[in-house]
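Chains as they are written, first to last, in the working numbering: chain A, -1 to 190; chain B, -1 to 190; chain C, -1 to 190; chain D, -1 to 190; chain E, -1 to 190; chain F, -1 to 190.
If you are wondering where the hints come from, they were derived from the structure by calculation, not from laboratory data.
In this text, all values refer to a predicted model and were calculated from it rather than measured experimentally.
Idealized CB from N, CA, C, for every residue including glycine.
There's no promise every hint is true.
Pairwise CB distance ranges, derived in the manner of DEER restraints [stated by the list, open to error]:
| # | chain 1 | residue 1 | chain 2 | residue 2 | range |
| --- | --- | --- | --- | --- | --- |
| 1 | E | 55 | A | 55 | 27 to 37 Å |
| 2 | E | 152 | A | 30 | 43 to 53 Å |
| 3 | E | 151 | C | 146 | 56 to 66 Å |
| 4 | F | 139 | A | 13 | 57 to 67 Å |
| 5 | F | 45 | E | 31 | 24 to 34 Å |
| 6 | E | 31 | A | 21 | 22 to 32 Å |
| 7 | C | 151 | D | 32 | 52 to 62 Å |
| 8 | C | 135 | B | 65 | 55 to 65 Å |
Partial pick of chain B residues on the chain C-facing surface, computed with a CB cut under 7 Å [to be verified]:
| # | residue |
| --- | --- |
| 9 | 86 |
| 10 | 112 |
| 11 | 116 |
Where chain B lies over chain A, by a calculated footprint (3+ residues, C-beta under 8 Å) [unchecked claim]:
| # | segment |
| --- | --- |
| 12 | 9 to 17 |
| 13 | 77 to 83 |
| 14 | 125 to 137 |
Number of protein chains: 6
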Amino acid sequence: MSEQAISRFPVPKLEDLPDDVRELILEVQEKSGFIPNIFLALAHRPAEFRAFFAYHDALMEKDSGLTKAEREMIVVVTSNANSCQYCVIVHGAILRIRAKDPLVADQVAVNYRKAEITPRQKAMLDFAMKVCRDSAAVSDDDYAILHEHGFTDDDIWDIAGVAAFFGLSNRMANTISLRANDEFYMLGRVPQ
Amino acid sequence: MSEQAISRFPVPKLEDLPDDVRELILEVQEKSGFIPNIFLALAHRPAEFRAFFAYHDALMEKDSGLTKAEREMIVVVTSNANSCQYCVIVHGAILRIRAKDPLVADQVAVNYRKAEITPRQKAMLDFAMKVCRDSAAVSDDDYAILHEHGFTDDDIWDIAGVAAFFGLSNRMANTISLRANDEFYMLGRVPQ
Amino acid sequence: MSEQAISRFPVPKLEDLPDDVRELILEVQEKSGFIPNIFLALAHRPAEFRAFFAYHDALMEKDSGLTKAEREMIVVVTSNANSCQYCVIVHGAILRIRAKDPLVADQVAVNYRKAEITPRQKAMLDFAMKVCRDSAAVSDDDYAILHEHGFTDDDIWDIAGVAAFFGLSNRMANTISLRANDEFYMLGRVPQ
Amino acid sequence: MSEQAISRFPVPKLEDLPDDVRELILEVQEKSGFIPNIFLALAHRPAEFRAFFAYHDALMEKDSGLTKAEREMIVVVTSNANSCQYCVIVHGAILRIRAKDPLVADQVAVNYRKAEITPRQKAMLDFAMKVCRDSAAVSDDDYAILHEHGFTDDDIWDIAGVAAFFGLSNRMANTISLRANDEFYMLGRVPQ
Amino acid sequence: MSEQAISRFPVPKLEDLPDDVRELILEVQEKSGFIPNIFLALAHRPAEFRAFFAYHDALMEKDSGLTKAEREMIVVVTSNANSCQYCVIVHGAILRIRAKDPLVADQVAVNYRKAEITPRQKAMLDFAMKVCRDSAAVSDDDYAILHEHGFTDDDIWDIAGVAAFFGLSNRMANTISLRANDEFYMLGRVPQ
Amino acid sequence: MSEQAISRFPVPKLEDLPDDVRELILEVQEKSGFIPNIFLALAHRPAEFRAFFAYHDALMEKDSGLTKAEREMIVVVTSNANSCQYCVIVHGAILRIRAKDPLVADQVAVNYRKAEITPRQKAMLDFAMKVCRDSAAVSDDDYAILHEHGFTDDDIWDIAGVAAFFGLSNRMANTISLRANDEFYMLGRVPQ
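Starting from the given sequences, assemble the full structure and let the hints guide the process.
Put into structure tokens, the structure is as follows:
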């Protein structure tokens, strides 16, 4: 286990946290076997912590025309574009698990256009990258392309929402030097 | 009053909204005299609506080493960098009101480096723009420069938080073609 | 009235100027009610002053397939791309007046693609931005697109000319820190 | 002599031109032995022609703290940055002649930082490139650096003026596909 | 084992190759237990194959002031900047093995500035990225910074050489859609 | 003859070089009448020297669907994009000779899109620039466009190979400040 700091900012002790924040963290720990560092680092700001995970779950946990693996692809691709170590490593692991595929995360992180995914998924990622890099240029043409691939307007909102939310997450992680837990590097690499 | 659509997506009727969402909207309407379009447009997604405004208030309404006007400066500057019409026009108005200055919003929107603000505020905006454009390059040197201007580490978190949150907001507004209410264009331009 | 310097360079007194320069300035003052700062700042260099306003009038005052409001749109859009405070604020005012529309200037300044203007005007501004950002890539295809929107070759010259001339103006204004007169911020915002 | 078109636009006959325009062109022809194509191409628009050459002469012909060769260096460097064939080829020739150096133009066109010029000239070109690429970032620091190299404020205006004026020229030449006369390619390459 | 094509181009059979090319490939296979796809893909062009691996070995196998792990860091960092799937995945594996560190490759791939490496290694990677992205700006200042970190001029040549050579490799791999062997994804992740 | 250093690194004496390296250099000298500086500068590293020229000859000397002049066009265009003085000046000379055209090199160096070359050559250079600038985006569409212009897959490999190899060469030349011999500036400018 690394002794590296997980954030530039103070990491509160569990016992000092508001009850709801501590309970959410303990729940994650029970489910995952460890506490992903973002929970500890954001607990420095309980109000932002609550809003962050509420937003996260609203986008990532709900039913959607995008599978959970597809939503994780968006996270991995846009987070590498933003050079966010935490999100590429952590969500790369989640993507491997969601997709039951040990290769796809490393492929899309570097260049989704050459990854072994469907043309529909490439169109989804083209749009996610446009939202990430040049959202001002999003136009009717983008909607039309995505409709051709079978995405609904609400799916398009979801793609943009995931790209936009993790853009926020990437910027915060980069600012506070959030460190990915060692556990994530290997998760999902060996079929269970 | 314009007849233009305020969003590419359906705008729900107030009476169809969950109670908490409707109440929040009515409260804003009472306070402002009208409903800023982002409330109506995001109400299409109540879970995201709740998380969005919780996050917004956690950053923009709390006590901070940054004045409310300074936080609005960050919004205006980074939103013009992201070419987000809604946020530049709406938060330009809020900045004029918060700063009691009819000129500052238009100045910082175009080029904060030549705006009539303090060197400390320019350093704050330099950092906000780095978070907006190249957060991966944020380093100890940036912290040191901001410390010299009297910002604490938590102030730095606040600057990054505002830039990151409105980065999300800009990307969503651009994706859904959110329209600024006509009222905002004149707000704060004439001293009261 | 602001006490801020209007230029990094010395601003000559009217009585010290060559007659033709002083007369042109007094004429503008009579027409506008005040002297826009660019006249005073450029008067530091009478030969450039004369050429600058001769060029300006050759493009902006003549008959053209572009309305005067359309020419001002080009100025506002490309000047925000070049982050020129003076030109966005001053020509935003002139655009509001020419177009008799208090909203259009703020809209096109931030993102003309989402402004309430015609598709023909968006095509005009796409081309103006190409001239502004990447004129080396201008090609037959650009001419063809503009022809489809009803622009003649000479209209295309006009679009390029306005974008190119204000590119010069933006660079000079940024270099000398030209300050927009306070009067411009409100001009054209209230219907007369 | 090439049979290539010199411009996308009609090139007027000398006899159809206003007297002052025709006389200026004939004067240049007498001095140079041929008519540089920009004179013929811009004659399509006599009012712009007059303003263009008045502006050109105000910057390039006057006494200045910059030598004429130095002003041509600025033209060559910024014109290659803007990928303007006409200006790199034509002003490369003029630079060779002004500097009495057959190598310097090709060197600065590609990378002035590795050209055989003085540190003062490199500082001048650094600033010219900043005006060309990112004039909004020009600051007191740039002035200070240039002062250290012995440039006055008015020299700085001159550097910016040349970069800005040829930015206009580059954009027009690119838009109208202005062709450099064959004569320029060899001019100044062989010591006289 | 994947059935995916390893290159857009025909992959020659071992028995059809020139003897020296076949022997080099068999040697690698014996050492590694499998044939990295780049050997098979480049064998389509035996003359380029020979030069490529001669160049590779001249830079990567020789004694140098840079450790072999450090040279692999350069490869991983610049290859992600060039979005080259093959080189990030394959050289990530080699880096893990060379450095005996299962985490470092994923860290430097995304953002070496936040990786757990030494300041000297970060300076090395800053320079490698400058060679990758903007080699024309390499200057005495870069040499001075690297000297301060204890690098010799010949070490600097090595850094540039590795960045430049893999820039070639990245561009070819991207053009021919070179696929990384499945074996590389797990190599070096589990301590032996 | 200039007294300028030809490289930041020591230039070995011919008599100190390994026999094969010295012989290759003497052969070039006999053929050209002088020794291009790259031979002397790279001789500082004999193993890299051998691989470099083997790679060079494999791409530039062989039979190909691209003429030798076309291959030199690729070098000149991509080398100006990389701001490599040595390669633009030296390969500009070789291009003039190969194409028996004193104008083409200066034209393509600045803007190949406006050069007097064939549409097929412009398509070739569009692709070379994509390999130079954004090889990760190379796709089936690029292959299709080139096929329409009559290029085979192996021609496409050649275009990419030349762009990629000179990308390496540009980065090394920029790092070591390689100086072009004075002879190259005039070569091929006067018909023989």
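Each hint, compared with the structure:
1. A C-beta distance of roughly 52 Å is found between residue 55 of chain E and residue 55 of chain A, which places it outside the suggested range of 27 to 37 Å.
2. Between residue 152 of chain E and residue 30 of chain A the CB atoms are about 48 Å apart, so this pair conforms to the stated range of 43 to 53 Å.
3. Range check, residue 151 of chain E to residue 146 of chain C: about 58 Å between beta-carbon atoms, so the 56 to 66 Å window is met.
4. The hinted range of 57 to 67 Å is satisfied by residue 139 of chain F and residue 13 of chain A, whose Cβ atoms lie roughly 58 Å apart.
5. Separation of residue 45 of chain F from residue 31 of chain E is about 28 Å and conforms to the stated range, judged on CB atoms against 24 to 34 Å.
6. For the hinted restraint 22 to 32 Å between residue 31 of chain E and residue 21 of chain A, the CB-CB distance of approximately 49 Å leaves it violated.
7. Checking the proposed 52 to 62 Å range against residue 151 of chain C and residue 32 of chain D shows it is violated: the Cβ atoms sit about 27 Å from each other.
8. Restraint check, residue 135 of chain C to residue 65 of chain B: a C-beta distance of roughly 44 Å breaks the suggested window 55 to 65 Å.
9. The beta carbon of residue 86 of chain B comes within 5 Å of a beta carbon in chain C, closer than 7 Å, and the hint placing it at the interface holds.
10. The interface hint given for residue 112 of chain B is met, as the beta carbon of that residue sits about 5 Å from the closest beta carbon of chain C, less than 7 Å.
11. Proximity of residue 116 of chain B to chain C is violated relative to the hint, the smallest CB-CB distance being about 14 Å (cut-off 7 Å).
12. With a threshold of 8 Å between beta carbons, the proposed coverage of the segment 9 to 17 of chain A by chain B is violated, since 0 of its residues qualify and at least three are required.
13. For the segment 77 to 83 of chain A, the proposed coverage by chain B is satisfied: 3 residues have a C-beta within less than 8 Å of a C-beta in that chain, meeting the threshold of three.
14. A stretch counts as covered by a chain when three or more of its residues have a beta carbon under 8 Å from one of that chain; for the segment 125 to 137 of chain A and chain B the count is 5, and the coverage holds.
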